[in-house]
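For the record, the sequence lines run as chains B and V.
If you want this note's numbering, it's the 1-based position in the first sequence plus 32.
If you want this note's numbering, it's the 1-based position in the second sequence plus 15.
Simulated from the structure, these hints should not be mistaken for lab results.
Because the structure is a prediction, the values reported are computed rather than measured.
For each residue, glycine too, the CB sits at the ideal point set by N, CA and C.
Keep in mind that the hints are not guaranteed to be accurate.
The calculated lysine to aspartate or glutamate pairs, modelled on EDC-like cross-linking and capped at a C-alpha distance of 16 Å, are [to be verified]: (1) B:LYS371 to V:ASP70; (2) B:LYS371 to V:GLU107; (3) B:LYS372 to V:GLU107.
A few chain B positions that, by computed beta-carbon distances, are all more than 12 Å from chain V [to be verified]: (4) THR298; (5) LYS348; (6) ALA387.
FRET-style restraints, in silico, Cβ to Cβ [as the list claims (entries may be wrong)]: (7) V:HIS104 to B:LYS329: 26 to 34 Å; (8) V:HIS104 to B:ARG300: 26 to 34 Å; (9) B:THR324 to V:HIS221: 42 to 50 Å; (10) B:SER406 to V:GLY247: 43 to 51 Å; (11) V:GLU87 to B:GLN422: 31 to 39 Å; (12) V:HIS221 to B:GLY309: 41 to 49 Å; (13) B:ASN342 to V:ASN31: 46 to 54 Å; (14) V:ALA136 to B:GLU410: 36 to 44 Å.
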Amino acid sequence: MKLIDLKGKNAQSLAADLHIKGREALLEKMVSMGLPSKKGEAYRYFDIEQFLTVDYQTLAYVPKPVKESGKIEIVDGVVVAAPKGLRIYYEHSDAIDMEHFDPLYYLGHLLSPSVIKIEIDGDASIELEHRFTQSDTLISYRIVLLNQANRHATLYENFIAENITNTLVLYGYDMHIAPDSTLRVVRTQSMQDKRYAMVASHKVNVAQRANALLKNFDLGGDLGLQLIKIDLAAYAHVEAGHLLYLNHDSKRGTVSQIVHKGEHSTSRQEAKNILDGNARGIFDALIKVEHTAKYTKAHQNSKAILLHENAYMVAKPQLEIYIDELEASHGSTTGQLDKKQLFYLRSRGISYIEARKILVIAFANTLIETVKDSRHQEMIKAAFEEAFYQGHTKDGL
Amino acid sequence: MNKILEIKDVHAKIGNKEILKGLNLDLEPGKVHAIMGPNGAGKSTLSKTIVGHYDVEMTSGDILYKGKSIKEMEPEERALEGIFLSFQHPVEIPGVNNTYFLRTAVNAKRKFEGKEELNAAEFLREMKKYLELLGMKSDMISRSLNEGFSGGEKKRNEILQMMMLEPDVIILDEIDSGLDIDALRAVSEGINKMKDGKRSFLVITHYSRILDYIKPDYIHVLKEGRIIKTAGPELVSQLEEHGYDSIEEIQ
């Protein structure tokens, strides 16, 4: 299957090509948005077009018996294991946001008529592992995640690729965070060796007085983009942290829209980016405050450290505000390691190379240490250091 | 005179401005040398020049440490050789754990000296010896380096580093600034503990207060980039009475 073959098709042809019955509104939406391109806002900095012309094999999504495990395991888009008692099942999805900015959000839904629905009970802490085993394949699946009102749950997510090449993964969440609850999602993705590329397209609905704590740790190389739209109801809060460590010639990052819809909603978005080699990092983030969202508080910040002269950061924090009664700020800095800090370490006998490593890891740690669970915090630190040392030997940068 | 550090006709500039203009100074082992001088005299530039700070370009002259020139050495090489600067304004480094940082520094020094590196438990045992003496709260060692520390806590942390690294030449740049009387006493006690008859101290200060706690052997007056007078501790009261402007007349 070549995604480019879907270009210019009307809804009827698209339905025929994708073997879809019904879902007219979704098809019309996809047709009206068209395939993503460099000319669109969402993919301006990512070179999505290179994936559209590849002839991928596709997979038949046949549900498998789910074995009992300590974590959810999704292999090539199919659930193969889950903790005992967890409600996880396939379901036709109709809770689709018709105002998402990403065309691949709609394509993902069209390619995945059945979604994986996960209902998190109580104050559970759940691990989810995505595994990819097929080369030259388009792997497409979507997850609907729900939690319970008044409860505080956590999802830890990571990704493993077997020794594959040239695969494209389109996946994403529709999260529905219940009133008065908290959902923490800690996502760690280390990529290397061009095994697969990923476009993840998410939608997060944060209900009244609910909290969404989203931590993303994008590490290593390769190509990947996360597109996130977050809607905040009254008194809802989102705290989004993005750590990007890229090396070699990778291009990865986040395109996000946080939409304040309800009064007294609050958002805090912080991106920390460390770029080495010829890497390009993307933080293209819009906070939109609608006229219904009086007394909003919205803060957004991006900091980038460039470790190599060829590294490049696209940082575009933006505010779009339709009311006067609010508190908002945004900012972005891109630079090198702090000279004063570097000198301080060296003045204590620590070599230049070691001092640089300490400062890079410290910069990352300020975000990693916001993950309160110590075991996961250590795992993320280890993943970061592994990615970091892949580009550098332990004795030299 | 036996000398541990010899500063020979040093000219140094920051940007295009020459700050040190032919400065000469010798430090004796086991002695406390105090540098006093008005604002803008070049006191902090002198300390930066000795430790190889990136702000300073040394345009001529030489600095010998134990008879060996250090002017081409990197800052970390000077530190490993045994030169320590306690900063006037220690920088905050969020994300770098204070204990981890200090253990890295101590082990770098031990490696340089051909000693076994300390493991975490050995290091903590060593460090605890000094924490109580300096009146440091135990949480300070588990926090990020200097982050959110008060002025007094930062200075105590500098002295902790000094004690752990056991340098031979110790430069204290305005160590008394921002310290209340208790902190000043604790910091001074730490410094006095380090006196072993071999180490040399260079105390850079505006005020004589610190010299009530760390008794100097020599007072050097630095003005307009040069040492214009060297005398014994009695010079302090003279300076207090007549100010720096009187020094040229005294000369």
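Hints and how they fare:
1. Annotation: proposed proximity of LYS371 (chain B) to ASP70 (chain V) holds, straight-line Cα distance about 10 Å (limit 16 Å).
2. Simply put, LYS371 (chain B) and GLU107 (chain V) have alpha-carbon atoms about 12 Å apart, close enough for the 16 Å limit, and the pair holds.
3. Under the criterion of a C-alpha separation no larger than 16 Å, the hint pairing LYS372 (chain B) with GLU107 (chain V) is consistent with the structure, at around 9 Å.
4. Non-interface status of THR298 (chain B) relative to chain V is upheld: no Cβ of that chain comes within 12 Å, the nearest being about 23 Å off.
5. Distance check on LYS348 (chain B): its Cβ is at least 25 Å (rounded) from any Cβ of chain V, clearing the 12 Å threshold; non-interface status holds.
6. The non-interface label for ALA387 (chain B) is inconsistent with chain V: the shortest C-beta to C-beta separation is roughly 8 Å, within 12 Å.
7. Against the hinted window of 26 to 34 Å, the Cβ-Cβ separation of HIS104 (chain V) and LYS329 (chain B) comes to about 33 Å, which satisfies the hint.
8. The given range of 26 to 34 Å is respected by HIS104 (chain V) and ARG300 (chain B), whose C-beta atoms sit roughly 30 Å from each other.
9. Roughly 59 Å separates the CB atoms of THR324 (chain B) and HIS221 (chain V), a value that falls outside the hinted 42 to 50 Å.
10. Range check, SER406 (chain B) to GLY247 (chain V): Cβ separation about 57 Å, and the 43 to 51 Å hint is violated.
11. Between GLU87 (chain V) and GLN422 (chain B) the C-beta distance comes to about 34 Å, which sits within the given range of 31 to 39 Å.
12. About 48 Å separates the C-beta atoms of HIS221 (chain V) and GLY309 (chain B), a value consistent with the hinted range of 41 to 49 Å.
13. Taking the beta carbon of each, ASN342 (chain B) and ASN31 (chain V) are about 32 Å apart, not inside 46 to 54 Å as hinted.
14. Distance hint check: the CB atoms of ALA136 (chain V) and GLU410 (chain B) are about 19 Å apart, inconsistent with the given range 36 to 44 Å.
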